[in-house]
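Once you have looked at the hints, place chain B on chain A.
Number of protein chains: 2
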Amino acid sequence: MNIEQANAEAVERMMEARPVLVGLGKALDVIPGMHQNLLLHAGPPITWERASGPMRGAITGALIFEGKARNEAEAEALVRSGEIRLEPCHHHQAVGPMAGVICPSMSVYILENKTHGNRTFSNLNEGYGKVLRYGAYSEEVLAKLHWMEEVMAPVLADAIEASGGLDIRALLAEALQMGDEGHNRNKAGSILYTARLAPFIAKVAPNPGVAADVLKFLGDNALSVLNPVMAACKAMADAAHGVEGSTIVTTMARNGTDFGIRVSGLGDRWFTAPVATPKGLYFPGFTAEDASGDIGDSTITETAGIGGFAMAAAPAIVTFVSGTPKDAINTTLEMYEITTAEHKYFTIPALDFRGTPTGIDIRKVVEKGITPRVNTGIAHKDAGVGQIGAGLVRPPMAMFEEALIAFAEQYRI
Amino acid sequence: MNIEQANAEAVERMMEARPVLVGLGKALDVIPGMHQNLLLHAGPPITWERASGPMRGAITGALIFEGKARNEAEAEALVRSGEIRLEPCHHHQAVGPMAGVICPSMSVYILENKTHGNRTFSNLNEGYGKVLRYGAYSEEVLAKLHWMEEVMAPVLADAIEASGGLDIRALLAEALQMGDEGHNRNKAGSILYTARLAPFIAKVAPNPGVAADVLKFLGDNALSVLNPVMAACKAMADAAHGVEGSTIVTTMARNGTDFGIRVSGLGDRWFTAPVATPKGLYFPGFTAEDASGDIGDSTITETAGIGGFAMAAAPAIVTFVSGTPKDAINTTLEMYEITTAEHKYFTIPALDFRGTPTGIDIRKVVEKGITPRVNTGIAHKDAGVGQIGAGLVRPPMAMFEEALIAFAEQYRI
Chain A
176 MNIEQANAEA VERMMEARPV LVGLGKALDV IPGMHQNLLL HAGPPITWER
226 ASGPMRGAIT GALIFEGKAR NEAEAEALVR SGEIRLEPCH HHQAVGPMAG
276 VICPSMSVYI LENKTHGNRT FSNLNEGYGK VLRYGAYSEE VLAKLHWMEE
326 VMAPVLADAI EASGGLDIRA LLAEALQMGD EGHNRNKAGS ILYTARLAPF
376 IAKVAPNPGV AADVLKFLGD NALSVLNPVM AACKAMADAA HGVEGSTIVT
426 TMARNGTDFG IRVSGLGDRW FTAPVATPKG LYFPGFTAED ASGDIGDSTI
476 TETAGIGGFA MAAAPAIVTF VSGTPKDAIN TTLEMYEITT AEHKYFTIPA
526 LDFRGTPTGI DIRKVVEKGI TPRVNTGIAH KDAGVGQIGA GLVRPPMAMF
576 EEALIAFAEQ YRI
Chain B
176 MNIEQANAEA VERMMEARPV LVGLGKALDV IPGMHQNLLL HAGPPITWER
226 ASGPMRGAIT GALIFEGKAR NEAEAEALVR SGEIRLEPCH HHQAVGPMAG
276 VICPSMSVYI LENKTHGNRT FSNLNEGYGK VLRYGAYSEE VLAKLHWMEE
326 VMAPVLADAI EASGGLDIRA LLAEALQMGD EGHNRNKAGS ILYTARLAPF
376 IAKVAPNPGV AADVLKFLGD NALSVLNPVM AACKAMADAA HGVEGSTIVT
426 TMARNGTDFG IRVSGLGDRW FTAPVATPKG LYFPGFTAED ASGDIGDSTI
476 TETAGIGGFA MAAAPAIVTF VSGTPKDAIN TTLEMYEITT AEHKYFTIPA
526 LDFRGTPTGI DIRKVVEKGI TPRVNTGIAH KDAGVGQIGA GLVRPPMAMF
576 EEALIAFAEQ YRI
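First to last, the sequence lines map onto chains A and B. Just remember that this note's numbering sits 175 ahead of the position in the first sequence, which is counted from 1. Just remember that this note's numbering sits 175 ahead of the position in the second sequence, which is counted from 1.
Worth flagging that the hints you see were computed from the coordinates, not collected in a lab. Watch out, some of these pointers could steer you wrong.
Example chain A residues on the side facing chain B (calculated, C-beta under 10 Å, incomplete) [said to hold, decoys possible]:
#1 352
#2 353
#3 366
#4 377
#5 390
#6 493
#7 503
A short list of chain A residues far from chain B (calculated; beta carbon distances all over 10 Å) [stated by the list, open to error]:
#8 212
#9 248
#10 279
#11 420
#12 497
#13 508
#14 582
#15 584
Each residue gets a CB set at the ideal place from its N, CA and C atoms; glycine is no exception.
Pulled out of the complex, with its shape left as it was, chain A reads as follows (with noise of 0.2 Å):
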């Protein structure tokens, strides 16, 4: 077996995939094996007893706007008792940033890969301050969902059809050459999204009143974009999975009490360990003492080569995450020594137009002692509160190890 030949069709098929947006549809309708009794979630498997504050509190809100809970005591008894089932967004072709909490009747994206025809789908941005993905579960939160999935839906999945599908591979690699590193900065692409599906938007919103506040609400969100990107960089980590003998990680996602990957050669299989806090900027008022453990799908991005790994295209990130612009240029270059590739489609104006480091391989990160880096959002560990802040997190070393001993055993090396 050539591991060096397995991981470069792995990689290549991870470059090569190119995933459009091609569709908006009701989880329950779209997503594979969603069902009325089942919430997606971010990370590995996880009960409610193990579950974080933020993930519980975007349970609660999720059943809540299903109308199946009215409050949290309510949820936790529905999910205790097994009639509502949690199952991770990975396991359907989904990806969910933070808590990452998918239920059957939210619109989700719907991406296809057009080079080897796998789909995969990711929920709604709901913008910054009480969200669901941070485990706010207000009145306004839900208000604001109620908005998004009866007035925004529609007029967005009209557009997206309208339009002919977006090429999110191509916005992506034009986003990195304005400042984005598609994982905590997405100023660039949800603008370049924006103002590509303004025209649609103009044309099939049912009144100009209509349009204007679904262009406000997608204008005015930095992270607009970051849905159909991650859905993205899962179809083409997806396109990458089930490669024989190959050593690249294909998931990389956290639920907030454990971190999980999952590699390309090994099958559906999970190798986790528990989340280490990120170190990060704090919003005025909270510390690292209210943070909660990292948490959701949006690691996909690192996995797929961008984010953390692009760090060197968006030196006005660290003004977020911390750091000196120098530093996001060292995540990038320290990135290098894992990763088996440079991506052919995006690239790095700072760097000479270097592709980014792409492909993690289990091998190297043990080898060399190097775990991936990763930037993200910070929840408050309590249910309801939110975000609190972003910073850098490294992913548990004990994963790559246990990946790479599991590796030995089924190859027999």
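Just chain B now, kept in the frame of chain A:
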């Protein structure tokens, strides 16, 4: 007389100027001194006899647009006879890119400097391809100008009014964190501009089809915001003009034949010298042989501390104007040698958020033998052709020497 103090005052006024896009109106109605038989143009004063090919082409196109001529011969006769007058945009608080021709019935952006109260103007950007500002005047060019004037301008005027005004200094500061330098790379600024106006455009357009067309025109044109940006820089430079004893440059502009500068402490006198030809990258089928001399008022961007001076913020621009990302950094670093201040509001993430080099001092230019760095589009030398490339150019040293001698004479140094 304290020159340092005078320069500090001039550059402080330049940086504290806060130009806001407040409206759109017909040149005839809003530009001071505009009249039915007047055309404004880029650069210092010029006659038909000495005008370059692209300048003649743009004058011809403008007179066809006004219904005053049917071809170049008729346009030439009108201008030579004195029936149609030519005057610099700069004499009327206005600026225009490339040939910079503004005729009475064209709509122009109105900028107001909220700090010092002065107003400035610029025309609408036509996008790429065959366009008047590069000297093209085919039917296609005229048809687009008529659509812009009759369909887009009324919508833009209402949208800008409904928005309550757009702070262009703030928009530029944001765009410099997103890979723009504000002269030849305005990709981020243009979509920020489109996204900010989009909700208002959707609301005020006569119907959804027109809203969609206007949004598409603005969103597809990576130079949409160039003209408001130029007018904003003109407002900043004008605020710095007229400070007794100041050696700060407040105008740099080219008409395709002559480069001209004006200096804060030297009144309205132009110092001119023959333009150079830019060095850069040519579109397929064209070479340096085909290039017109340097042309346009867009060097108002460098005058105000952005454009070529901010290239370190925009490493991706080298794919358009030639060179490497390192050259872009070095261009900015060199400009600190001939300027007075580091901009308070325009900062460069890659240089640890250092302010852009701002306020060109003619003393430093002459003493150090370093002329300003300018990046620019390149026009074909013949009327009627259009853009053939983009590159870099330096203004002639002779103007700065002449201005310094005049300064010594005027102030008896």
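Verification of the supplied hints:
no. : hint : result
1   : 352  : holds, 4 Å
2   : 353  : holds, 4 Å
3   : 366  : holds, 4 Å
4   : 377  : holds, 4 Å
5   : 390  : holds, 4 Å
6   : 493  : holds, 8 Å
7   : 503  : holds, 9 Å
8   : 212  : holds, 39 Å
9   : 248  : holds, 41 Å
10  : 279  : holds, 31 Å
11  : 420  : holds, 38 Å
12  : 497  : holds, 14 Å
13  : 508  : holds, 15 Å
14  : 582  : holds, 39 Å
15  : 584  : holds, 46 Å
In summary, this structure violates none of the numbered hints.
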